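*Asks:* From first to last, the protein sequence lines are chains A and B.
Residue 103 in my numbering sits at position 103 of the first sequence; the count goes up by one each step and never skips.
Residue 211 in my numbering sits at position 211 of the second sequence; the count goes up by one each step and never skips.
Bear in mind the hints are in silico, worked out from the structure with no lab data behind them.
One thing to keep in mind: the hints can contain errors.
[To be verified] List of simulated lysine-lysine pairs, BS3-like, C-alpha gap at most 25 Å:
hint, chain 1, residue 1, chain 2, residue 2
1, A, Lys-78, A, Lys-126
2, A, Lys-89, A, Lys-198
3, A, Lys-200, A, Lys-113
4, A, Lys-96, A, Lys-34
5, A, Lys-142, A, Lys-34
6, A, Lys-198, B, Lys-106
7, A, Lys-34, A, Lys-130
8, A, Lys-79, A, Lys-102
9, A, Lys-188, A, Lys-11
10, B, Lys-106, A, Lys-64
11, B, Lys-297, A, Lys-20
12, A, Lys-253, A, Lys-198
13, A, Lys-198, A, Lys-129
14, B, Lys-107, A, Lys-64
15, A, Lys-102, B, Lys-269
As the structure is a prediction and not an experimental result, all values here were calculated from the model.
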Amino acid sequence: MKNKDIRMQAKGLNVSYGDKQALFDVNLEIAKNKVTALIGPSGCGKSTFLRCLNRMNDVVDSCKIDGIVQLDGFNIYKKKVDVVLLRQKIGMVFQKPNPFPKSIYENVAYGPKIHGLTNSREELDKLVKKSLNRAGLWEEVKDRLEDPGTSLSGGQQQRLCIARAIAVTPEVILMDEPCSALDPIATKIIEELIDDLKKKFTIVIITHSMQQAARVSDYTAFFHLGKIIESGETKQMFSNPRLKRTQDYIAGKFG
Amino acid sequence: MARFDKIIKGYFFLCAAFSVLITVLIVFSVLFESVRFFNIVPVWDFLFGTQWSPQTAMRADQAGSSGSFGAVPLFMGTVLITFIAMCIAAPVGLFSAIYLSEYAPKKTVNSIKPILEMLAGVPTVVYGYFAVITFSPFLRGVGDFFGLSIASESAMVTGIVMGIMIIPYVMSLSNDAMNAVPQSLKDASTGMGATRSETVRLVVIPAALPGIISAMLLGISRGIGETMIVVMAAGLAAKLTANPFEAVTTVTVQIVTLLVGDQEFDSAKTLAAFALGLTLFFFTLVLNVAALFISRKYREQYD
Numbered sequence: 001m002k003n004k005d006i007r008m009q010a011k012g013l014n015v016s017y018g019d020k021q022a023l024f025d026v027n028l029e030i031a032k033n034k035v036t037a038l039i040g041p042s043g044c045g046k047s048t049f050l051r052c053l054n055r056m057n058d059v060v061d062s063c064k065i066d067g068i069v070q071l072d073g074f075n076i077y078k079k080k081v082d083v084v085l086l087r088q089k090i091g092m093v094f095q096k097p098n099p100f101p102k103s104i105y106e107n108v109a110y111g112p113k114i115h116g117l118t119n120s121r122e123e124l125d126k127l128v129k130k131s132l133n134r135a136g137l138w139e140e141v142k143d144r145l146e147d148p149g150t151s152l153s154g155g156q157q158q159r160l161c162i163a164r165a166i167a168v169t170p171e172v173i174l175m176d177e178p179c180s181a182l183d184p185i186a187t188k189i190i191e192e193l194i195d196d197l198k199k200k201f202t203i204v205i206i207t208h209s210m211q212q213a214a215r216v217s218d219y220t221a222f223f224h225l226g227k228i229i230e231s232g233e234t235k236q237m238f239s240n241p242r243l244k245r246t247q248d249y250i251a252g253k254f255g
Numbered sequence: 001m002a003r004f005d006k007i008i009k010g011y012f013f014l015c016a017a018f019s020v021l022i023t024v025l026i027v028f029s030v031l032f033e034s035v036r037f038f039n040i041v042p043v044w045d046f047l048f049g050t051q052w053s054p055q056t057a058m059r060a061d062q063a064g065s066s067g068s069f070g071a072v073p074l075f076m077g078t079v080l081i082t083f084i085a086m087c088i089a090a091p092v093g094l095f096s097a098i099y100l101s102e103y104a105p106k107k108t109v110n111s112i113k114p115i116l117e118m119l120a121g122v123p124t125v126v127y128g129y130f131a132v133i134t135f136s137p138f139l140r141g142v143g144d145f146f147g148l149s150i151a152s153e154s155a156m157v158t159g160i161v162m163g164i165m166i167i168p169y170v171m172s173l174s175n176d177a178m179n180a181v182p183q184s185l186k187d188a189s190t191g192m193g194a195t196r197s198e199t200v201r202l203v204v205i206p207a208a209l210p211g212i213i214s215a216m217l218l219g220i221s222r223g224i225g226e227t228m229i230v231v232m233a234a235g236l237a238a239k240l241t242a243n244p245f246e247a248v249t250t251v252t253v254q255i256v257t258l259l260v261g262d263q264e265f266d267s268a269k270t271l272a273a274f275a276l277g278l279t280l281f282f283f284t285l286v287l288n289v290a291a292l293f294i295s296r297k298y299r300e301q302y303d
């Protein structure tokens, strides 16, 4: 990968919770405007890794992080880094749709409001519309923006969360199993959305579905027991993995 | 075995029914005595009269034998003291709940929470002591220093001490409400780049608001019904005033004074205690039901 194509990079990342080490010397490059899938059995450290990318682990008292994570060549774990600004640049979508108990409009307007991104109600209206549009939800909710976000279906809620995340125009979007709580149709819609979003954003996605990883991602990293076993282009990894263990996991022989 | 189960089930039912039955009986006994009282003193005079001097004569020809049963000064005294108490308990209880659920490290929570809960276990008579022996002279001293005259049985002293007593209730209940806000919502807010205080203000408190409101209502209801502290620290004279530095009396204090000692159980003086009790019961019931209603109605909003 050429340097200018790399948006984020982890170098020698070690993470532990109390006495238990969760990540061992993880090195990974995340390509700009591509989808990187993190796969691996439960407890392998992929969630921990994802949460290191926007410093969500900072809130966990016992968590110790050692190593470098760069965004556009800049180490985000430097002391002076403003975590608030960082998380504006690196958005997150969670496993279970988690809209705030507020209206659909207020859900999307949450980020722009706290970061003071707009100067007037019209600008905010526009931004909310644009974000909902980009998340493919506008047509479905344009007449009921004042309804609570929780009144939507599961798939719609997850797209609302995506709209909420992209409303602050991040550079990277982290997705932690965004479809695991959704039915196949809603999953398909989100997958198509991810394909569309990568034109504008860099996406890192955790998934337990090998098919999903194969369908949506350009690059894949296989985690096992806190280490990256193999990483590379998805096509190559799924058709012709270098290691037996990767092949076994992808084929569903363990995990 | 099924037969044994049936017997056990019946026994449990009896236990549950017992407490319900007792409650109903208490309500009725208070109700009947109150009706007798209202046969002597009109309801209107009781609820809206501003004169409270319940002494009745030993002999029929004694002066002032009729007594006067306007309960407004009592209600006002109760309201004033409870208001002062909530001015202390609401912010302190709420903010310490926020600290414990959102800011404090786990270690701190584990050491602070038991202490605060111990505060809830202190007998109210001890609070009364504290008010009379320690706090009242202190406040008088402070008042003297600023040239304020503060009665030794002022509403302020009683209110503040009662507030301290209520803090753990408000704290514990609002803390429960905030802990019930799903972590996923807090994560969502943090993930958007919200600071901790923004998350508390914009996500945690709105989501926990029904629980917080019902915590406040239950705190108020405790304040209204509180007896020991006010008996010891508040005044006896029924004075209609909004000045927190004067002595006021409360509904509960009057009930106690009306019923202490030998009494004839058919005089207006004694029966007045039941009417007061009924009013008290009514208001705390309304508050408790309101608290229950609010927390039930809005509870499932975020699930």
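*Asks:* Hints the structure violates: just list their numbers, smallest first.
*Replies:* 1, 5, 6, 8, 9, 11, 12, 15
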